[in-house]
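Residue numbers (my numbering), protein chains in the order written: chain U, 91 to 737; chain H, 11 to 295.
You may find that some hints are simply not true.
[To be verified] Pairwise CB distance ranges (calculated):
#, chain 1, residue 1, chain 2, residue 2, range
1, H, 104, U, 254, 48 to 56 Å
2, H, 161, U, 378, 46 to 54 Å
3, U, 410, H, 146, 24 to 32 Å
4, U, 204, H, 103, 52 to 60 Å
5, U, 254, H, 30, 37 to 45 Å
6, H, 30, U, 257, 33 to 41 Å
7, U, 480, H, 146, 22 to 30 Å
8, H, 103, U, 165, 52 to 60 Å
[As the list claims (entries may be wrong)] Not close to chain H: a few residues of chain U, all C-beta gaps over 10 Å, as computed:
#, residue
9, 145
10, 251
11, 326
12, 327
13, 358
14, 527
None of these hints come from the bench; they were simulated from the model.
Here the structure is a predicted model, which means the values were calculated and not measured.
A virtual CB, placed ideally from N, CA and C, is assigned to each residue, including glycine.
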Amino acid sequence: MLSYVVAGLALGAIYAIAAASLVVTHVSSGVFNFAFGAMAFAVARFYYFLYIEQGWPLPLAAVVAIGLFGPALGVLLYAVLFRHLRLRSPLVKIAATIGLSVALPPLVNLALGQLVNVTAPGLAPQPVAVFRPFGTVVDMNQLITYVGLALVLVVGTALLRFTDTGLKVRALVDSPALTAMSGVSPARVSLGVWAFSALLAGLAGVLVAPTAGLSVEGMTFLMAAAFAAVVAARLRSLPTAVGVALAMGVVTSVIQRYLDPESALSAQIVPSVPFLFMLAFLLAHALRGRAGDAPTGGVLDRAIRTENTVAPTATTGSGFVAPLVTIAVVACLPLILDDFWTGLVATGIALATALLSCTLVTGEGGMIWLCQITFAGLGALFAADLAANSGWPPLAAVLVSALCVVPIGVVLGLLTIRLGNLYVALVTLTFGLLAQNLVFMRDRFYNSGQGIYMPRPEWALDNRSFALLTLAVFCALGVFVVNLRRSTAGLAVTAVRWSETGSRTLGLGVVPVKVLVSAVATFVAAVGGGFLALAYQSALPDSFSPFTGLVWLAVLVTVGARPVVGALVAGLAFAVLPSVFQTYLPTRWAEIPVIMFGFGAVMLARDPEGVLAMHGRQVRAVSGWWRGRRAPAPEKSSTATPQGELV
Amino acid sequence: MTALAGTTPPRIEARGVTVRFGGLVALDSVDLAVPQGAVVGLVGPNGAGKSTLFAVLSGLLRPGSGAVLMDGRDVTSVSAQARARRGLARTFQHPELFPGLTVREHVVLAYRLRHARRRIWTDLVTAGGFRRAGAEEDRRVDGILAALRLTPHIHLPVSGLPLGTSRLLEIARALAVDPHVLLLDEPSSGLDSRETDELASTLSNLVADHGVSLLLVEHDVELVLGMSDVVHVLDFGVKISEGTPTEVRADPAVRAAYLGTEHNEAEAEAEKDRDKNEDEERASA
Chain U
91 MLSYVVAGLA
101 LGAIYAIAAA
111 SLVVTHVSSG
121 VFNFAFGAMA
131 FAVARFYYFL
141 YIEQGWPLPL
151 AAVVAIGLFG
161 PALGVLLYAV
171 LFRHLRLRSP
181 LVKIAATIGL
191 SVALPPLVNL
201 ALGQLVNVTA
211 PGLAPQPVAV
221 FRPFGTVVDM
231 NQLITYVGLA
241 LVLVVGTALL
251 RFTDTGLKVR
261 ALVDSPALTA
271 MSGVSPARVS
281 LGVWAFSALL
291 AGLAGVLVAP
301 TAGLSVEGMT
311 FLMAAAFAAV
321 VAARLRSLPT
331 AVGVALAMGV
341 VTSVIQRYLD
351 PESALSAQIV
361 PSVPFLFMLA
371 FLLAHALRGR
381 AGDAPTGGVL
391 DRAIRTENTV
401 APTATTGSGF
411 VAPLVTIAVV
421 ACLPLILDDF
431 WTGLVATGIA
441 LATALLSCTL
451 VTGEGGMIWL
461 CQITFAGLGA
471 LFAADLAANS
481 GWPPLAAVLV
491 SALCVVPIGV
501 VLGLLTIRLG
511 NLYVALVTLT
521 FGLLAQNLVF
531 MRDRFYNSGQ
541 GIYMPRPEWA
551 LDNRSFALLT
561 LAVFCALGVF
571 VVNLRRSTAG
581 LAVTAVRWSE
591 TGSRTLGLGV
601 VPVKVLVSAV
611 ATFVAAVGGG
621 FLALAYQSAL
631 PDSFSPFTGL
641 VWLAVLVTVG
651 ARPVVGALVA
661 GLAFAVLPSV
671 FQTYLPTRWA
681 EIPVIMFGFG
691 AVMLARDPEG
701 VLAMHGRQVR
711 AVSGWWRGRR
721 APAPEKSSTA
731 TPQGELV
Chain H
11 MTALAGTTPP
21 RIEARGVTVR
31 FGGLVALDSV
41 DLAVPQGAVV
51 GLVGPNGAGK
61 STLFAVLSGL
71 LRPGSGAVLM
81 DGRDVTSVSA
91 QARARRGLAR
101 TFQHPELFPG
111 LTVREHVVLA
121 YRLRHARRRI
131 WTDLVTAGGF
141 RRAGAEEDRR
151 VDGILAALRL
161 TPHIHLPVSG
171 LPLGTSRLLE
181 IARALAVDPH
191 VLLLDEPSSG
201 LDSRETDELA
211 STLSNLVADH
221 GVSLLLVEHD
231 VELVLGMSDV
241 VHVLDFGVKI
251 SEGTPTEVRA
261 DPAVRAAYLG
271 TEHNEAEAEA
281 EKDRDKNEDE
291 ERASA
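Isolated chain U (complex conformation) (with noise of 0.2 Å):
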């Protein structure tokens, strides 16, 4: 047994560490960093660049990795995008970051080199000594582990505590307006905290590689799992999301000493371990009133804060044109493309129909759902397990399974009605991951890696008619989106998005409203999954993680999370450029796309409407000016005819 506690307490002490730096960005900046498991990744490869490849000596590659370019990298990115994010919403900050940890770990890879081995050495030189305290074994990695862990409580209690730093930091979490009134600079004392955060960062992503692996999927469940610790301390407090954090690493360890390691059980419930912790804590906060959005700053920060977060109106966008000429240039496009490329824009338009589910939940609810990508998987399997096992026939199947996954939406819209849109964002990215351990890995769905066989109707078997029938499929769906919004159920939504108190006194109720987007937009994403699967002609569960979903937001967010031609044009931007850039193109710039999706995100704290509404009020400001105005006249909307809507 202690010894399962003593390797539970060095995963433990990882978590710590990771959940130390999670915390103090996020009480210092309002910042809750997605990109923590891409930072890790970053400075935990550029030490195995210098220790391993370069052939420096251990002690030489650890300093200049985590003390210098984890740092310097922290600096960096405060310049280019942390500093943008405090005052933006919650979902420009969530994607934003989102963005960057889709678009930093190709970058590292385009520069460094993609590795073929993910193993990695720790802190400990090799061959790595073991001690045998007690009866029980401890390897070097795991005592460097704990020493780091030590060192940092220490050193960072002892910072912020006892010198003029610690203090400086302190009061920029209390009021960042006061402490500027101090004489002391906000963005210096910020500065210095992302540097330290990125540190740690970097400490969490070279510890934790041993075991992990030097994967972004590796450093990605690391964060996620540190995640769990956050939720557990409230987003806020040091010692309780360390104290969690080892009691998770304990748990994790300790549960596996009674299963057995071969079962498909070990390896469904191990990994959830962490995800099941924070369900829990989440829950506790919710049912005590405790998991609303937390003000940042003091009371003078909220009084002298400038609105800008972007409102969507009606009047954003240019008309029916601009998405009718996409749609036909899109129709046309199966038309004069050969085979290969047509089931790649099959696949795009699939894709495109379950981001409206985005377009839907956090376009027009403003509802931040990080497992979208989960109910368009379900939809897949449960369609394929009919049309395939049970000889539905597929469209069939898929409209079935899609009203089957609904419920399951509208419990977690039930369930986070009354959470912050942060927390909103964690239970929602929680609810995929355990998805996707519990339910995506059974035999019955995975197949060892197989998925399950989809076959397609008998009358759009090839790739020209299945993506007709698809594009047929997603503007229906389309009309009916733009049908909601422009209704007195797209008012209501609206209202409900952006004041909750407003719309009670006026008779609306919450739930219902929530309930009912929550229940379309799940509906939409499972038959997106479902014509996912068709394209693929098979479902399979690993297309369907919620790593890859948060690519899909970034990719939409990018495009424009409002605009139902933005989904069209962001599921097409998906599915076809990696390969233009495959064929076309050296192969080491075939990560370039996911890059450019993952800048685009980040693009977002310049830009919270993104890359279409942008270029729309580029394209009127320039029409205006043909026209010898300075700037377009306000359009006219109206409730029943909206104008300049983009669809």
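Following the hints, complete the assembly by docking chain H onto the known chain U.
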């Protein structure tokens, strides 16, 4: 502006409402009634508990003890949206608008919530988003917007509207649900004197023409005293006075709450006489 006397129960009534926030007693056994067709003023210094009482009356805050009644029925445990559906509307000290909607859309939504509630659901299956609004809806919505002089702004999104315009829009939105009782939290804040006069005139017409009951919280004491049939005064969560504007103006406890206990009694007497004369002039007018 005359309250309908008799046996008709008040539109809304607070009975012995007490609210505590931790150790702080925000409201201490407060009674208040808004009769049909009456304008009731609620005044008090900052921190007196006015907004807390508004929150209790509108259903956003559940009192620790006491009851809230609408038309004689106990609604203490009824939600804010259900009270709104029974004819209660309110505005806020800090306007609670919907930045994603235009000025006109605010009023359209409120109108439909009252008169075409089912459209929230039926529009989805009847392509309601692509149909033109009905003539009656357009007439009523445009009428309300015109009455509050919001017509020039109808197609603007509300983010960026001046505070005064935002307040007028909140009132327009509240009127669109055809309320029986309207709670107005500092409606003249942010308005200039001309706009304040126009607002007072609009509200007076509303009461006179439609029998709407008003509960008015206002820092502009003159506006409250000028419009109200009855005025209640709160101080530190306790109701310290109740009566006609003249009675309240003369009440030493009110003077002490606003001006401190060292108030000159002779000056108070002189002001009392002056108020009495003004009331007589107003009554004869």
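Here is what the structure says about each hint:
1. 104/H / 254/U: 48 to 56 Å: Check failed, 38 Å falls outside 48 to 56 Å.
2. 161/H / 378/U: 46 to 54 Å: 48 Å Cβ-Cβ, so the 46 to 54 Å window holds.
3. 410/U / 146/H: 24 to 32 Å: Once the Cβ atoms are compared, 28 Å apart, the range 24 to 32 Å for residue 146/H and residue 410/U holds.
4. 204/U / 103/H: 52 to 60 Å: Check passed, 58 Å falls within 52 to 60 Å.
5. 254/U / 30/H: 37 to 45 Å: 42 Å, holds
6. 30/H / 257/U: 33 to 41 Å: 36 Å, holds
7. 480/U / 146/H: 22 to 30 Å: Since the Cβ atoms of residue 480/U and residue 146/H sit about 52 Å apart, the hinted range of 22 to 30 Å is violated.
8. 103/H / 165/U: 52 to 60 Å: 43 Å, violated
9. 145: Residue 145/U clear of chain H: closest Cβ-Cβ about 58 Å, beyond 10 Å.
10. 251: 29 Å, holds
11. 326: 20 Å, holds
12. 327: 21 Å, holds
13. 358: 39 Å, holds
14. 527: 35 Å, holds
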